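Protein chains: 2
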Amino acid sequence: MSALPAEHNETRGFNQHQSQVDHPYLDKKRYEKALGEAGFRGPEAATGHEGRSMSKAYVHGYDYRENIRLQDQASTLVELLHSDTAYPAGCRVLEAGCGVGAQTITLGRNSPHARITSVDISASSVAEARKKIEGAGFTNVAFLQGDIFSLPFEPSSFDHIFVCFVLEHLARPVEALNCLKKILKVGGTITVIEGDHGSTYFYPDSETAHKAIQCQVELQKRAGGNANIGRELYPLLTAAGFTSIHVSPRMVYVDSSKPQLVEGFTKNTFTAMIEGVRQSSIQAGLIDEKTFDDGINALYRTAETDGVFCYTFFKAIAAKA
Amino acid sequence: MSALPAEHNETRGFNQHQSQVDHPYLDKKRYEKALGEAGFRGPEAATGHEGRSMSKAYVHGYDYRENIRLQDQASTLVELLHSDTAYPAGCRVLEAGCGVGAQTITLGRNSPHARITSVDISASSVAEARKKIEGAGFTNVAFLQGDIFSLPFEPSSFDHIFVCFVLEHLARPVEALNCLKKILKVGGTITVIEGDHGSTYFYPDSETAHKAIQCQVELQKRAGGNANIGRELYPLLTAAGFTSIHVSPRMVYVDSSKPQLVEGFTKNTFTAMIEGVRQSSIQAGLIDEKTFDDGINALYRTAETDGVFCYTFFKAIAAKA
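Respectively, the protein sequence lines represent chains B and P. Residue numbers for the first sequence follow this note's numbering, beginning at 30 and rising by one. Residue numbers for the second sequence follow this note's numbering, beginning at 30 and rising by one.
Chain B with its partners taken away, still in its complex shape (with noise of 0.2 Å):
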């Protein structure tokens, strides 16, 4: 697409695939980026704490109605969608979508006798993916390329499914579930985390700040996808034949008394990645330059030591019965 923003070509040749799944590198890629340039503590920080978080996590990760953990209490925004899943030793787990191996190292370190399988429609991704992996350590998460609506895996091959920041760029989402269920086993369970940048909301407040926003929605909704998709995953799993349905809100509330979430998600995170579609935005037509970069200064503005930033991402476990 047109749309997008000239750096990201690969995009494009996703798109040129005979599949129909538009590829989650970008945003991966993004948030990425942030994640690591904020000073998050990344899963390399964490490495010593397997033993204690393991038996932790194994508790909750299988309690679901009983597990989220408050977000108050978390103070990395892997913390606060990950802490909480961890699968047992020997099952079958399956990444849909695992881009460049953000998330799987975190899948890899909380539960680590488990065998995880972690796919992505990307070659280049998966071959990073891999290196990451393999550079901490890991010798519990196997890699292939493949694409998602075409898994070459049997049905009922896996315990477990992990879907992360991957049904936002697919434009049929249901399908891609459906997909995914049939080789679930039954009485397994599917993990899915999706942001929303419609959960957006700040203080100062900014119209065009929400212009500038809009447009990464518009770009998105274009390429066959939906920034909005986190409200959406109850009535999507439900579309798919999904039960136990349990959707929980991880919200990112951000004032000055954190200053690592302000540097690290308001600035660095949420708004380099609203920051990154100027040029694709004022290329559509989408808006003018003024009003798009005011309202990037704007979102910088609510990283001041009065401003406030709120953002959620909706994390979802449902079992195929």
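In case anyone wonders, no lab produced these hints; they're calculated from the structure. From a predicted model like this one, the values you see are computed outputs, not experimental measurements. Any given hint might turn out to be false.
As the list claims (entries may be wrong) - For lysine-lysine, the following DSS-like pairs were computed, each having C-alpha atoms within a straight-line distance of at most 27 Å:
hint, chain 1, residue 1, chain 2, residue 2
1, B, Lys-250, B, Lys-210
2, B, Lys-240, P, Lys-287
3, P, Lys-210, B, Lys-250
Unchecked claim - Which stretches of chain P does chain B cover? Using the computed rule of at least three CB atoms under 8 Å from a CB of chain B, they are:
hint, stretch
4, 109-116
5, 119-129
6, 262-272
7, 276-288
Backbone N, C-alpha and C define an ideal beta-carbon position, used for all residues, glycine too.
Given the coordinates of chain B, assemble chain P onto it according to the supplied hints.
Quick look at chain P alone, frame taken from chain B:
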């Protein structure tokens, strides 16, 4: 203000009061009515649980950095907003702006041995609150009619102050907080709870629904208030010179797996509240009848089987240094 619904003439009366306080009665009345209609587990239903919840609440109530309950676990709005507020025996607590006592009864129940003083600018509201509390058999709450900007208390009279759904109605919230700070002891805490209509989003999304909600926001603004004040608690408390400010968002996430919240919150609290400003919105020229009604229908649509509704309250606790 002519922008206010005709049935709330009382509110105009309070506007004619010498005080510049806009009376919180309007929304409090709606909230209470809605909560009652909704079948939320009200204060009465919790009778008999004081012992258990008290000991738990007490521990939580004074370690507020660790005390926030997981919103996923809260099955009622009362639990979501109030379960972690309890005050120790013997301490003096001011509830500023008690309205007709919706929160007073929860305060009285959760802090049975605290000495609570509940004030409101409306004598009739105070009378109604007193009746409610006495009817419930509580003897730990005293009532007083008074203006939040000129309360008849000596400096440092209170150990703790509680303010819920009040600042949203005030044109000068920081000044109100300053007035309250004077009568708070050094080392005491203030707890503030406010909603934020700008935190509302839902599935299916609807532009007309947002327009209808915006009518309520605009009417409240014209009346001198701020329906989007929840996100501002941190800067407001900072501006008033409070310290150790901790803001905890309390998101109400509703899908059809939570039928009690579908009825009690989406339909009978939020949508009913917006529906209540129909006439005044149209009279004020903010919207036409068809758009408003379409918006209301779209809000009810989010309460259907595949619908989702999200709203966030903000709860802040801060100290006087």
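- Message: Of the numbered hints stated earlier in the document, which are not met by this structure?
- Response: Hints 2, 3, 4 and 5 not satisfied by this model.
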